[in-house]
Amino acid sequence: MAIVVDKDTKLVTSGITGREGTFHTLNNKRYGTDVVAGVTPGKGGQDVEGIPVFNTFAEAVDKAGANTAMIFVPPRFAADSVLEAADAGIDTIITITEGIPAHDELRVFDYLKSLDRDITHIGPNCPGALSPGKASVGIIPASFFKEGNVGVVSRSGTLTYQIGNELAQRGFGNSSIVGIGGDPVPGSSFIDIIAKFEADPETELIVMSGEIGGSAEEEAAAYIADNVSKPVVAYIAGFTAPPGKTMGHAGAIVSGSQGTAQAKAEALESKGVRVGRTPTQVAEIAVEILGG
Amino acid sequence: MDLLEYQGKQLFARHGVPVPQGLPAKTVDDAVKAAEEIGYPCVVKAQVKIGGRGKAGGIKVAKNRDEATQHAEAILGMDIKGFTVHEVWIEAASDIDEEYYASIVFDRSAKAPLFMLSTQGGMDIEEVAERDPKAIARLHVDPLLGFQAFHGRKLAFEAGVAADVVRPVGALLEKLYDAFVKEDAMLVEVNPLIVTKDRKVAALDAKVTLDGNAAYRHPDHADLIDLAAEDPQERMARERDLTYVKLDGDIGILGNGAGLVMSTLDVVAQAGGSPANFLDAGGGSKAEAITSAVEVILSNEKVKAVLFNIFGGITRCDEVARGLIAAFEQIEPSVPFVVRLDGTNDVEGRQILADANLPNVHPAKTMDEAAAKVVELAKGGS
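Chains A and B, in that order, give the protein sequences.
First residue of the first sequence: 3, per my numbering; consecutive thereafter.
First residue of the second sequence: 8, per my numbering; consecutive thereafter.
Treat the hints with care, since some could be wrong.
[What the hints assert, rightly or not] Below 20 angstroms or equal to it, Euclidean Cα-Cα: the simulated PhoX-like pairs (lysine-lysine) are:
#, chain 1, residue 1, chain 2, residue 2
1, B, LYS182, B, LYS214
2, B, LYS161, A, LYS247
3, A, LYS9, A, LYS148
4, B, LYS88, B, LYS293
5, B, LYS118, B, LYS56
6, A, LYS31, A, LYS148
7, B, LYS40, B, LYS56
8, A, LYS247, B, LYS182
9, B, LYS214, A, LYS247
10, B, LYS33, B, LYS56
11, B, LYS118, A, LYS115
12, B, LYS56, B, LYS293
13, B, LYS253, A, LYS247
14, B, LYS161, B, LYS182
15, B, LYS56, B, LYS88
[To be verified] Not close to chain B: a few residues of chain A, all C-beta gaps over 12 angstroms, as computed:
#, residue
16, GLU86
17, ASP185
18, GLU220
FYI, nobody ran anything at the bench for these hints, they're computed from the structure.
None of the values given here were measured: they were computed from a predicted structure.
No residue lacks a Cβ here, since even glycine has one placed at the ideal position from N, Cα and C.
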């Protein structure tokens, strides 16, 4: 088993005919992901290296059996694309696009929730999800990771690679790696993904990598204390970030006294979650717990 | 992006939120002209993005032309908590009877805009929240439904707003919500929201933060960037589409990916150093982007050493190495560089750098080692 993406994933990419969309979709296919379709309105009937392109998500579902959508279109079209994928009946949606207005993200989140379906929306502004040896959806450099028992959930892409690489060097692989993204309204929170890892028999330890801004890490801390039996190791980035400044990710901002790295690390530690102060320390703690 | 008070008020006015009449001015002459046009008494208000302007002497009432001149002279150029006043807002004085507080924040946790209303306006709301949490009425608005008239009444009655102004306060809140949503704001705050002696309501102050990601659908928002107050390096970076935040220290930082760069700043600080900036060269960093980024980092004269921390995913380490070499050809930096390349094409990248044999460039294998090395170099070691 794994979470979010696996051997049953049948992927459709929205924006497949764009340069980045083509490049990363083909990468995912080479990795072994079952890519069944692309969607670009007006380009239905074409193909991208043998992958059929449809005008709508509904067609991609009907004719190619797509069950997972990757959103790769520019910000002004991305929220609409997520809603179209959900409307077509797709329950796993992964949005790579960076730069979607926060109010659009809010409406998408509340609308998807109101549907009363079990939809998993990962992102926006995320590197995607990878289950080593099974499937990769997004832009994670999959070759660095191998199969294993560590589940990783992170708000940052490159930091995930950094931590994953440190684990790999120490001989540990991953069940799944999920980038939830750096925006103010992520479709899935730490809690959503940690709950999936808790239920996944392959995952024995969970690494969560958070950063300044919002209160998702504090909420995860409380959730872990009450609901998670597996060990969790955390990392928080942004101890040196000044208040009021957006640190690259739209969601990474300390507002007044809210959302500091210090408060997040303390919240996690107070609930018994060990927090590494550097990516290297996170890997060391994980290895110590797993008995490497 | 945070707005100045008067920019926020002009934005409010477009959505029908009542604000006192006013005019901006950048010189004493223009300030006096504005005062003459608006009439006396008027208020001369320093335009800086920091609280406590009144206590710092940045808000003064002028009863006549002489006083307007005097206040404009005193306030323009004044320093308020490290912010220089480049502009004043001349506003018709209001006859204040009551001071309320109203705000809408983008509540990330609840996934809905959060309204707050209190009759204890005119002071620091965080203090009010601590001293008397019940003095603040709170209400989440479902973004799919939008603001309803009853939301306004509910907030107003719960906050204890005077009965005769419940309707106008409700109407003001509705317009405020309209501004919040249509302008893609992350925060709007009115403190104080006043009731005048003739029982009219108005926003006497405005604090607005706009979502930069929504700029594409608000071309007019580009005019609101406060060029006078913008840091020169931050401006240079913005013009080059680089994600850069200036900090106080002396170690220039470049990395790829916001999380990794934040983490790099932390690791440098833990090693005893002080970062001079945050700079995310982004995914897929190409050679030209690297050259451009190095120029921005080195334009800050405080920088004594630079750390490149790259973990290649989409970004290829050989591209970064070539970019660094190109940068050295163009600018011949006088400070040492520590370069850590890991991930996609790292072996090629390190080889390219080794072959180029750039002066004063030190390779490092790990992030921790790189941080220790750059801190040592910044302190004058070798």
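Beyond 12 angstroms from every chain B Cβ - status for A:ASP185: A:ASP185 is in fact no farther than 12 angstroms from some Cβ atom of chain B, at 8 angstroms.
Straight-line alpha-carbon gap A:LYS31 to A:LYS148, limit 20 angstroms: holds, 17 angstroms
Distance restraint between A:LYS9 and A:LYS148, which requires alpha-carbon spacing of 20 angstroms or less: Holds: A:LYS9 and A:LYS148 sit about 15 angstroms apart, inside 20 angstroms.
Interface-negative label, A:GLU220 against chain B, beta-carbon threshold 12 angstroms: Violated: least Cβ distance 9 angstroms, not greater than 12 angstroms.
B:LYS56 paired with B:LYS293 [C-alpha distance capped at 20 angstroms]: violated, 36 angstroms
Given pair status - A:LYS247, B:LYS253, alpha carbons within 20 angstroms: Given pair B:LYS253, A:LYS247 holds - Cα atoms ~10 angstroms apart, limit 20 angstroms.
Restraint check for B:LYS56 with B:LYS88, where alpha carbons must lie at most 20 angstroms apart: OK: B:LYS56 and B:LYS88 at ~10 angstroms, within 20 angstroms.
Given pair status - B:LYS182, A:LYS247, alpha carbons within 20 angstroms: violated, 28 angstroms
B:LYS88 paired with B:LYS293 [C-alpha distance capped at 20 angstroms]: violated, 40 angstroms
Straight-line alpha-carbon gap B:LYS161 to A:LYS247, limit 20 angstroms: Between B:LYS161 and A:LYS247 the Cα gap is close to 34 angstroms, so the pair fails against 20 angstroms, i.e. violated.
B:LYS40 paired with B:LYS56 [C-alpha distance capped at 20 angstroms]: violated, 24 angstroms
Consistency of the no-contact label for A:GLU86, given chain B and a CB cut of 12 angstroms: Label holds. Min Cβ-Cβ 17 angstroms, cutoff 12 angstroms.
Of the hints listed earlier, those the structure fails to meet are numbers 2, 4, 5, 7, 8, 12, 17, 18, in rising order.
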